[in-house]
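*Asks:* In the working numbering, the protein residues as written are 22 to 483.
Keep in mind the hints are simulated off the structure, nothing from the lab.
Just so you know, these numbers come straight off a predicted model, no measurement behind them.
Each hint should be verified, as a subset may be incorrect.
[Claimed, not checked] Listed below are the simulated DSS-like cross-link pairs for lysine-lysine, each with C-alpha atoms no more than 25 Å apart in a straight line:
1. Lys208 / Lys341
2. Lys164 / Lys174
3. Lys273 / Lys174
4. Lys371 / Lys341
5. Lys174 / Lys208
6. Lys361 / Lys341
7. Lys273 / Lys180
8. Lys341 / Lys182
9. Lys208 / Lys180
10. Lys480 / Lys446
11. Lys480 / Lys371
12. Lys164 / Lys273
13. Lys341 / Lys308
14. Lys277 / Lys341
15. Lys361 / Lys371
16. Lys277 / Lys164
17. Lys309 / Lys480
18. Lys208 / Lys182
19. Lys360 / Lys273
20. Lys277 / Lys371
21. Lys277 / Lys208
22. Lys182 / Lys273
23. Lys309 / Lys371
[Unchecked claim] Derived Cβ-Cβ restraints for the label pairs, each shown as a range:
24. Asp418 / Val358: 39 to 45 Å
25. Glu296 / Ala381: 25 to 31 Å
26. Ser355 / Glu456: 22 to 28 Å
27. Lys361 / Glu148: 44 to 50 Å
28. Gly340 / Asp177: 17 to 23 Å
Each residue gets a CB set at the ideal place from its N, CA and C atoms; glycine is no exception.
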Amino acid sequence: MKLIFSRKCSGYFLLVAFAIYSSTSFSQAPDFSRLVERHSPAVVNISTITKVNRRASAQQYPNQIPEILRHFFGDPDGRNRQAPPREKNSLGSGFIISSDGYVVTNNHVVANADKIIVRLSDRRELEATLIGADSRSDLAVLKIEGRNFPTVKLGDSDKLKVGEWVLAIGSPFGFDYSASAGIVSAKRRSLPNERNENYVPFIQTDVAINPGNSGGPLFNLDGEVVGINSMIYSRSGGFMGLSFAIPANVAKEVVKQLRDTGSVERGWLGVIIQEVNRDLAESFGLKKPQGALIVQVLEGSPAEEAGLRAGDIISEFDGKEVVLSSDLPYLVGSMPVGKKVEIELVRQGKYQTVTFEIGALPKGVGGQLLTSKSQQKQQENRLGVVVSDADDGVVIDDLDPRGVGASIGLRPGVVVTMIGNEPVKSVPDFNDIVERLPANRLIPIRVVYKGMASFLAFKLPE
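Whole structure, please, built from the sequences with the hints as guidance.
*Replies:* What follows is the structure, encoded as structure tokens:
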């Protein structure tokens, strides 16, 4: 029998089908009520008080205070020096991990606080002691006095899958014990901090996170904490669909060290790296863009002792593949100091294996500025640049705005230290290398600008 649907009938059929699909989809959504009921007592509200010097505040924002009102705050000339400090309050979340009162939260929630108050689900308010904090992972451990506190367990964040349901509990905008659910949107997100460091492969979710959620737990359906909510991406200050959590497996090691010693020791290789894009991959002879490209080896570092060089591309670390450059800092930082580790790298198109001993990350690590000697100079060349000698290469003094160098972002003050796989130590070196470069082929060039090294790729015309 042949079935014929009119437009009206087929529209009705589609409407019914959509209703059935929608009801089925909603019926399959998890019920979070038991999870919230069981684990929310271990979630806490954290408020802090920080004393801020009024005179310092007036100096910090001099143009934001009208002239007629400045004497109330204390002018930079020293008036009202004895004005009492005002109190600055902040709000966040946290969770209890032990029955004797250890609490995990974000470092930025309690940083520089003079007083930390933890409010429990039964409305008790207890003053907390800061056991230790780590700005690199944005984690802190607090201690409240008492016994038999409700607790939650840190789970295995490596088992999380994209698309998996997760639940956050916290105090957004001060609304205690608010629950919001969503899915894991992505894993291993690279979000460098203000020092351009990245020791946390963040979990990205679409769970509604807002100010006050910071430091609160992110649960899986088994009721395990798989992440610590840390930040959001927002143009308005509120939730816009992207939130980021610190993986529980990162937190486990950091929290253990903070509880044991009050600080965190990390493994150190001693290299500055960058991402390998498509052009760089081709210029270095790679089949695809992946790995961590070394742009600088720090003096006295384990990397220098192991013989690593600028231009090496680390493809594997301790048996784990390095796909993105952001994979490497976490892998190195999580290693115990003194452990011997093998790394696989690509050097001049060939794979090599190097063994080195993990060092301890120094408190302050940075590159060195390269300065110009201003000795030998030359005229424009195939790159369209004018260079002179520098301490560690040649510095660009001038360039043709229509030349190859300008097209890849070179500018006066940029120091060139390597072209292809050859080091550039002087103007004659530079001239010789550039003259021998093949045309219509991508070539890597290592440059340093304002102390920051990086690789670029360029192609010379016929």
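*Asks:* For which of the previously enumerated hints does the structure constitute a violation, in increasing order of number?
*Replies:* Checked against the structure, the hints that fail are numbers 20, 26, while the rest are satisfied.
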